[in-house]
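Sequence lines, in order, name chains A and B.
Taking the working numbering as reference, the numbering of the first sequence is continuous, increasing by one, and the terminal residue is 197.
Taking the working numbering as reference, the numbering of the second sequence is continuous, increasing by one, and the terminal residue is 234.
Read the hints as simulated data drawn from the structure, not as lab findings.
One or more hints might be untrue.
[As the list claims (entries may be wrong)] Distance condition first, Cα-Cα at most 25 Å in a straight line; then the derived SDA-like pairs of lysine to any residue: (1) B:K82 x A:D113; (2) A:K100 x B:F123; (3) B:K82 x A:A122; (4) A:K110 x B:M185.
[What the hints assert, rightly or not] Estimated spans, in silico, between C-beta atoms of each pair: (5) B:P159 x A:F62: 25 to 35 Å; (6) A:G96 x B:F179: 25 to 35 Å; (7) A:D111 x B:E78: 17 to 27 Å; (8) A:G77 x B:A161: 48 to 58 Å; (9) B:D30 x A:G57: 43 to 53 Å.
We treat Cβ as the ideally placed atom computed from N, Cα and C, and that holds for glycine.
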Amino acid sequence: MKRLSAVLALTALFTGCVVRPALVIRDRETAAKVKTVAIMPFFDVQYQMAFDPLYKGFGDSFIPAIMFDKNAREILGQRYQLMGQDQSVEALKKLGVEYKHTDSSWAAVKDPDSIRWGYTLAQAVQAGKDMGADAVLLCAQGQYFTGNQPSQALVLRLVDANTGKTLLGLNATGQPGLFSKDVVVRQLLTRVAKEAP
Amino acid sequence: MKRSHALLCCGLAAALTGCAGGKVNYVKPDFNGPDFVAMLPPNNLSNDLMAPRAALGAMSSAMIGLGYFPITSPVHEEILRKLGMTDGGQVNAFKLADLAKALGTDGIAVTTINDFNKINLGFYISPTVDCSVVLHDDKGERLWEAQAKFTEKKINIDPQAALQAAVGEMVGDAIGKMFKTHLIMESQKMAGIIVQTCSMNKPSLAYPGPLYMSMNAPAAAGAKSPGALGGLKQ
């Protein structure tokens, strides 16, 4: 019994664990018609780490924004025609959004405020429309403690690029493993790929 | 004698470590949860100037844990600044419906930092983060209100251990303030209490709210009808 518990604990440590995401469909009819989706730049509500989708450097594969973009292209790519965060950044810049490029991960540690940038919902919807997308995909992440364990929390919305209305919403919480830092993101996106109308 | 001393220490430590709690102060019956929630700058009632950043990040994380999409960014701060709002304490001077319209969100969350401090006497070390949050819809109507407090009490009876702990905590705090991470972990623990309190409440305060849940009950139960608003799958 003790051995089984130890094996389960080690498995959770390496592979992580995620609570099954909850999917809320706000507009089934319109969601079913979506073919092209623009992935908008990621929000990190804690500003603890670099979330610049165009960051390149040490540990870039662990940057949540880049991890999200890569996984979204892989998991949702078969279902939707996708436009990545790099294209969305360009479209947002054309709308006057002040984008801040993160030169090094040290910048985020030294002064989290120096890497802060963002956009409004109206700008995201307009950028999606300008890019010719049917919908925009917005995602935000945060962190809180469940007991003594830090939990990664992610929330996702698919928003109609013509009306600005939410088509579906989803959130997932979990503990990423040592060898599976993207386990929560993958769970979230897999649920959309499988169950979105 | 030594044994009884050790037992006393253990007893004190067990009695005084960890003290936390959350409560729901108000719930509007059958509310429909907003999709996007603007997180207003917190009303800071503590003496710590670092508190708003830590508390807002933690409270936004709690909102994600509850399924809402919180929005806090320099663009929104700029919009609020143009309207004349630079501090969370000014929130009562504005109509929340106007703020929601300016920010383009379906909801507004107002955070109040009731306590944010750390007592470090070496013999007694106690960090405390106490916040409350009120969620409003885009018309400014209050949907729910919750409060959470995280506090921890560490007792060191041995003078040498107390001295070491005091110095260690002081260095840690200085570094934390330098990198703006002071009491962030404690704030995130407070956020965890908010998530647990709000999601365990009957009805759950989590997105999409009790009205949506009741309208989509057949869909949630696996029936063919998708419900008026689409459907819910857990």
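Results of checking the hints against the structure:
1. B:K82 x A:D113: Roughly 20 Å between the alpha carbons, so the hint for K82 of chain B and D113 of chain A holds.
2. A:K100 x B:F123: Distance ~45 Å between K100 of chain A and F123 of chain B Cα, so the pair is violated.
3. B:K82 x A:A122: 17 Å, holds
4. A:K110 x B:M185: The hint holds at about 18 Å.
5. B:P159 x A:F62: 25 to 35 Å: Given range 25 to 35 Å: violated, Cβ gap about 44 Å.
6. A:G96 x B:F179: 25 to 35 Å: Holds, at about 32 Å.
7. A:D111 x B:E78: 17 to 27 Å: Holds, since D111 of chain A and E78 of chain B (Cβ atoms, about 19 Å apart) stay within the stated range.
8. A:G77 x B:A161: 48 to 58 Å: Holds, since G77 of chain A and A161 of chain B (Cβ atoms, about 57 Å apart) stay within the stated range.
9. B:D30 x A:G57: 43 to 53 Å: 50 Å, holds
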